[in-house]
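> In order, the protein sequences belong to chains A and B. According to our numbering, the stretch in the first sequence is residues 18 to 128, in order. According to our numbering, the stretch in the second sequence is residues 1137 to 1248, in order.
Hints are computed from structural coordinates only; laboratory data are not their basis. Glycine residues also receive a C-beta, built at the ideal position from the N, C-alpha and C atoms. Do not rely on the hints blindly, as some may be mistaken.
Away from chain B, derived, C-beta distances all over 12 Å, residues of chain A [said to hold, decoys possible]:
#1 L62
#2 A109
#3 T116
Which bits of chain B does chain A cover? Going by a derived footprint, with three or more residues having C-beta under 8 Å, they are [stated by the list, open to error]:
#4 1178-1186
#5 1239-1246
Distance windows between CB atoms, simulated [to be verified]:
#6 B:G1176 / A:G33: 19 to 29 Å
#7 B:Q1180 / A:R87: 19 to 29 Å
#8 A:G33 / B:E1174: 28 to 38 Å
#9 B:D1194 / A:Y22: 22 to 32 Å
Single-letter residue listing:
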Amino acid sequence: EADIYQTPRYLVIGTGKKITLECSQTMGHDKMYWYQQDPGMELHLIHYSYGVNSTEKGDLSSESTVSRIRTEHFPLTLESARPSHTSQYLCASSEAGNTIYFGEGSWLTVV
Amino acid sequence: GEDVEQSLFLSVREGDSSVINCTYTDSSSTYLYWYKQEPGAGLQLLTYIFSNMDMKQDQRLTVLLNKKDKHLSLRIADTQTGDSAIYFCAETLGGATNKLIFGTGTLLAVQP
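Chain A extracted, bound-state conformation (with noise of 0.2 Å):
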């Protein structure tokens, strides 16, 4: 059983202000990510990270920004929320060669 969290699971916020979306695992893994999900869509790489220190850009454009200063947390950040950015955020983790683990999914609503 994977170990991995992320609050909050639901948000409806008002256009224009900044969130931040928690993620923390407590399995001590290297690497984590960050998919994006729309209903009933595909789900995308947007943010990645190979350690402590280290964040990268996926595969999809976004402009959400994340950070890792410890190992088991990797929060993501709106600065201005906007409809277009109303989605599911799903976190996961991985060590190295071995299977990703998701979170349950942060699901957010710009209004």
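With chain A held as given, fit chain B onto it using these hints.
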């Protein structure tokens, strides 16, 4: 480039077998995965297969891999209503990133 394709919808009756199919384009895939996503939930890893294997069985789940045709399938025996969900096929190319490339997902509807 990398591409993973799945049919969008499958409907079966409870007790029947379900077969969900997936094709991928990149022959350098190292692992191939099946994830399950229930409504409003995250992704749950169901099973995975290493690219040098042809078949993997895990209780009601059977994964078949045809590397020549780049075709992956997931068979669920004795399908139950609790199996209703979206099933995602994914491949990883390995390497330093270990990122996943996902298919569009197949919605499995199980009729009682």
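> Are the hints correct? Go through all of them and say.
These are the hints, each one checked on the structure:
Distance check for A:L62 against chain B: the nearest CB is about 5 Å away, which does not clear 12 Å, and the non-interface claim fails. Listed as a non-interface residue, A:A109 fails to keep its Cβ farther than 12 Å from every Cβ of chain B; the least gap is roughly 8 Å. A beta-carbon of chain B is positioned within 12 Å of the beta-carbon of A:T116; the least distance is around 6 Å. Counting residues of the stretch 1178-1186 of chain B whose beta carbon lies closer than 8 Å to any beta carbon of chain A gives 5, which meets the minimum of three for the stated coverage.
For a cut-off of 8 Å, the count of residues in the stretch 1239-1246 of chain B with a CB near a CB of chain A stands at 3, and the three-residue condition holds. At roughly 27 Å, the beta-carbon separation of B:G1176 and A:G33 lies within the given 19 to 29 Å, and the hint holds. Separation of B:Q1180 from A:R87 is about 26 Å and conforms to the stated range, judged on CB atoms against 19 to 29 Å. Separation of A:G33 from B:E1174 is about 33 Å and conforms to the stated range, judged on CB atoms against 28 to 38 Å.
Under the hint 22 to 32 Å, the C-beta atoms of B:D1194 and A:Y22, about 26 Å apart, fit the expected range.
Hints 1, 2, 3 from the list above are not met by this structure, while the remaining hints are.
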